[in-house]
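A.B. asks: Below are the chains, spelled out letter by letter.
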Amino acid sequence: MADAMMTADAGERAGALSRLFQGGEASTTAGPLTLSEMPVPGQINLRGNPSDAAFAEAVAKVLGCRLPVAANTVEKGGDFSLLWLGPDEWLVLTAPGAEAELSAGLVEALAGQHFAITDVTGNRALFRLSGTPAREVLAKGCSLDLHPSRFATGQCAQTLLARSGIILSQVDDAPSYDILPRRSFAEYTWRWLEDAMAEYR
Amino acid sequence: MAEFRNSSGGRIDRARPLTFRFNGKRYQGFSGDTLASALLANGVHLVGRSFKYHRPRGIVTAGAEEPNALVQLETGGYFEPNLRATQVELYDGLTASSQNAWPSVDFDIGAINGFFSKLFVAGFYYKTFMHPRSFWMRVYEPIIRRAAAGARAPSEADPDTYDKMHAHCDVLVAGAGPAGLMAALEAAKAGARVIVADEQAEFGGSLLGETSGIDGIPAAQWVEKMRADLAAFPEVRLLPRTTVTGYYDHNYLIMAERKTDHLGRGMGGVRQRLWKVRAKRVVLATGAHERPLVFADNDRPGIMLAGAARAYVNRYGVKPGNTGVVFTNNDSAYEAAIDLAKTGCRIEAIIDVRPQATGAMAQKARAAGLRIICGAAIAGVEGAKRVKAVEIAPLSSDGETVGGPVKRIECDFVAVSGGWTPAVHLLSQSGGKLRFDEAKACFVPNVSVQAETSAGACNGTLFLEGALEEGAKAGRAAVEAVGLMPAQESALPKVETVEAAPIHALWIVPGKKPVGHGKAKHFVDAQNDVTAADIMLASREGYRSVEHLKRYTTTGMGTDQGKTSNVNALAILSRTLSSPIPSVGTTTFRPPYTPVTYGTLAGRDVGELSDVARVTPMHGWHVARGAVFEDVGQWKRPWYYPKDGESLREAVNRECLAVRNGVGILDASTLGKIDIQGPDAAEFLNRVYTNAWSKLGIGRCRYGIMCKEDGMVFDDGVTTRLGENHFLMTTTTGNAAAVLDRLEDYLQTEWPDLKVYLTSVTEHWATASIAGPKARELVGELAPDLDLSNDAFPFMSMKEATVAGLAARIYRISFTGELSYEINVPAYQGMALWEAIFAAGETHGLTPYGTETMHVLRAEKGFIIVGQETDGTVTPFDLGMDWIVSTKKPDFVGKRSFSRPDTARTDRKQLVGLLTEDPEEVLPEGAQITADADGTPPMPMLGHVTSSYWSATLGRSIAMALIADGGNRQDTTVHAPLGVKTLACKVVKPVFFDSEGARLNG
Amino acid sequence: MLLIECPWCGPRDEIEFAYGGEAHIARPADPSKLSDAEWAEFLFFRSNPKGAHRERWVHAAGCRRWFNVERDTVSYRISRVYTGACEPVGEGQ
Ligand SMILES: [Zn+2]
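Residue numbers (our numbering), protein chains in the order written: chain A, 1 to 201; chain B, 1 to 1002; chain C, 1 to 93.
Mixed in with the good hints there might be a few duds.
Stated by the list, open to error - Straight-line alpha carbon distances no greater than 16 Å define the calculated EDC-like cross-link-like pairs of lysine to aspartate or glutamate that follow:
| id | chain 1 | residue 1 | chain 2 | residue 2 |
| --- | --- | --- | --- | --- |
| 1 | B | K755 | A | D88 |
| 2 | C | K33 | B | D891 |
| 3 | B | K276 | A | D88 |
| 4 | B | K895 | C | E70 |
| 5 | B | K755 | A | D52 |
| 6 | B | K895 | C | E14 |
| 7 | B | K259 | A | E199 |
| 8 | B | K276 | A | D145 |
| 9 | B | K888 | C | D30 |
| 10 | B | K889 | C | D30 |
Since the hints were derived computationally from the structure, they do not count as laboratory data. Model, not experiment: these values are computed from the prediction.
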């Protein structure tokens, strides 16, 4: 019987651009700029009350880092980031595949509290845009003030890039930015970025 | 060298000659020229024909305010209309032609309109083309369109690239003339983030045509020094060729940058860029526009503004002619006269309407050997395609008439100044208010509404020293306002100042005959061909407000927005009404300051980037399978999968029968999905859905309808209880975001005490919906460990299982009426699941089906689609779904509205099924339904068809409709008048197939 | 393009927000106690003032929080942004 054909490889995770790149590496350059799709990171949506010490402590214990309570900031743990999305909402980005264990740990630590842990690993694609003109490329479609005095490494925002909602986070001073569109917007966002990069070729 | 080009002087590069074509003829200019300066250098003044009268028209200005010299550039995809020759930078190979010149600028047939000029008085649109009505489309409109010409629309796609850029700054300086440069430097020195934008190729504004020095160096050198100083600040962005074109709320400004226009077309890269700037403070330093004097036949080619004549000779080394007359009511034209005389023009006389010329400027002119004729005016002009001579006559002391001996002076150009109008357009756009300054005879900024300051000429400060000082002050004030410390104050640049004698406002210069009599015309708005007589007539006809006057006479309504004409028009209206200018009012300027290309406005929102195409993880498979897609919101969903040239109907028939008789599969990934967690989750659902949720078992699913407070259906979907305090809600594809916003609204603002968290998981899950009598067989093969019996896995329940090696959630729900399993895996495994299902499905004849088949199948079952059977005016009762509305719950969203008198009416439009008498006829969706077969419109409409399909299963057409009192019309006949025919239909229950639901269990 | 200060995320362009109509129209605690006229008042009637208007906005492209804005409907000037169901005391700055 065709058992082999009928069974997919559960460990393999298709990127959001596999249609465009036919399974090849989703990456492009233009002069000093590089744009790449990163391996699908584990994504956990976390909801809870940060002013409740029990909640904040439990989260900090599991993740080994402070819960970011300042708006638009990112805290870094071992191999994950914790992004502030709202006054009671965060996004945990983990190494691919680490989300199940981390979720379970959080659920256990928060038992008895009012919280929500949701695996949203399929929700968003992760692109990284890097290079000196990256700020300008983003400014073509993003109305945030990305001047280094306003938006620096370690900051994040939920905003719009052209016609797509994204989570934007600056990861280094190159500058490099992580851009997380919803997965169904990934092809559009990629094409838009590629187009916006064209003048720096 | 062209005839009128001086051998030296100006900011052009004589080492870089450029060849261009205008109206078919070849000419030469230089790098640094505008099209206008290059034409004038070649002695070409005649550049177009006027809008109504087809009078020959020449270049009047040297900038953005140009009313006449409208040209179109290039051909094919690069064709571009509506450009001012005075702003087009010359490039090699440029091809231009006159815009208003059918059949040609030199051919006088258009001037026949001159004979009919009586037809073209004020309000001519309203008066002339009224009757007969039938003439409108056939006769008048084509004539108007042809004669008025205006711009032709390009017929090919524009191959150039345009884009947009957001920018933020502490201080935006609009205009890099003396005031703007000073403001920018002060802001920069304080460490502010500064943007300086200027519409011209070079910074400097009026200083580019200035001959006097600043701080002991020529003005142009001073400008270059300032530019270089500014460029050295890392937080300063300098944008030449960038027009600040719109000033919107909260200090949001739009700028249009022309990046490569001056190099030619098709240069690659970005041609034009739209900047969207959020500025904390704005310094408006936009300068002033000179206005003409309104005298008889003041529109003849060769007559231009004095400041423009000065700019041409000083900045471009171009003489406007050989012999000129200067005509003025203020001192500024004297400087033009002096510079023109110095650079090789013969200035016959300065005609000054003021009774004496004893001021410092007059002394200076006399010292330069110029003749001044005071208390006089130009009473007439000779020459049609070019001024040949002017007639000078003494003015009466009240300025109302000319009399005495007429003196004829031959000349080939006239330089005119009627005073200066501050460019208050951006201030006006920002909501700021103006006041009329009698002494300066112009409107000046009065009240600021937004965070801006006007400085220099645009603030009515028309002398250099004042502009520099105001600019510096504005720059310092701006940085202080944003919380920065201004730099230590430094001395202002030193300039030579000549005290100006006051202007003498003379709004209409009398001619030999009273205004409006005889052949001579006193033009006010040259672009729209509005004369002083038109304005006076309009005011006699009762138009007393400037806004009405504008629309009636069209004055100021051209693409130049009356930059040179508005104040004159207003003053003439006020004079005719004998009421002061401020009480007549001033017009409001609207964006854009100068026209902006559509390309710039569109930016990159063209082609495949024009909108988002949301795709599911399985999209590539659908494309490879040849699916035809349907847009659902922004989603691309497979509509149907045609095989071997099948039509839509053939494909859908095949897909429908496959699902009813075998097994089909639908990509249902697009449905909205909301994860709901918290101890009050069930209570929350009780409040937002019409039915009850508390008793839903874990692992069980329930269909729900959500209403708005007005009782109308808002959304529907199946919600599953995943745990005691954990639900997964599905929403319609198009409504997903709106539902989440609404639910958050209730949670955050109405019921903050409820402990519930919502998380969108729409994109996390990929969904393959397998339906049909053979579905169990196929799913059984894919998930061998799962007991699929009806007892173990009943309808409306959910199981977690391994499907094709992937951890999945399987929902046994059905939108087709068939046995159905919806298999969900994370999006990153969606394609793997789909391919595995097909690998297994081959032997089962698995057929992919699209949204059209889904619609037919659900309609056969009478299942509604929100947005198709509903339109925001339909209650669950109207849909015949009384069963979904709980009578036990004390309250839920919409409940109270069900007892409102109108909502409770029993004769509301209600959902029914319709069967056409002729089963082959498929009603068009949206068709109106009437009670009577015959009748002449208007006749009462009972309602309309909401869904209509050919049902392959039933071998006939089916339809659903919302019709008044539908519940009581069962088994009656209604009619659908379609124009060509009327279809009789029987009203039935909206369930056409398997009404007992026997097929759900396979 | 208004600049709206999200109480959580900071100033953002209007395009990131969705409008929610007049603020401080609380859903009646027990709608069944209301007469038809009173219910209609809640459903359909709004003050629509010329001048200061307290209105609801949601940061749809950001934190998804609902909040209140006091905005002048003539000048579009925003005098304050605040959270919570209660009207703040006193005038805008
Ligand atoms: Zn926010």
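A.B. asks: Now, for every hint given, state plainly whether the structure supports it.
C.D. replies: Hints versus structure:
no.: 1; hint: B:K755 / A:D88; in the structure: holds (12 Å)
no.: 2; hint: C:K33 / B:D891; in the structure: holds (11 Å)
no.: 3; hint: B:K276 / A:D88; in the structure: violated (32 Å)
no.: 4; hint: B:K895 / C:E70; in the structure: violated (31 Å)
no.: 5; hint: B:K755 / A:D52; in the structure: holds (14 Å)
no.: 6; hint: B:K895 / C:E14; in the structure: violated (34 Å)
no.: 7; hint: B:K259 / A:E199; in the structure: holds (12 Å)
no.: 8; hint: B:K276 / A:D145; in the structure: holds (12 Å)
no.: 9; hint: B:K888 / C:D30; in the structure: holds (15 Å)
no.: 10; hint: B:K889 / C:D30; in the structure: holds (12 Å)
The structure is inconsistent with the numbered hints 3, 4 and 6, although it conforms to all the rest.
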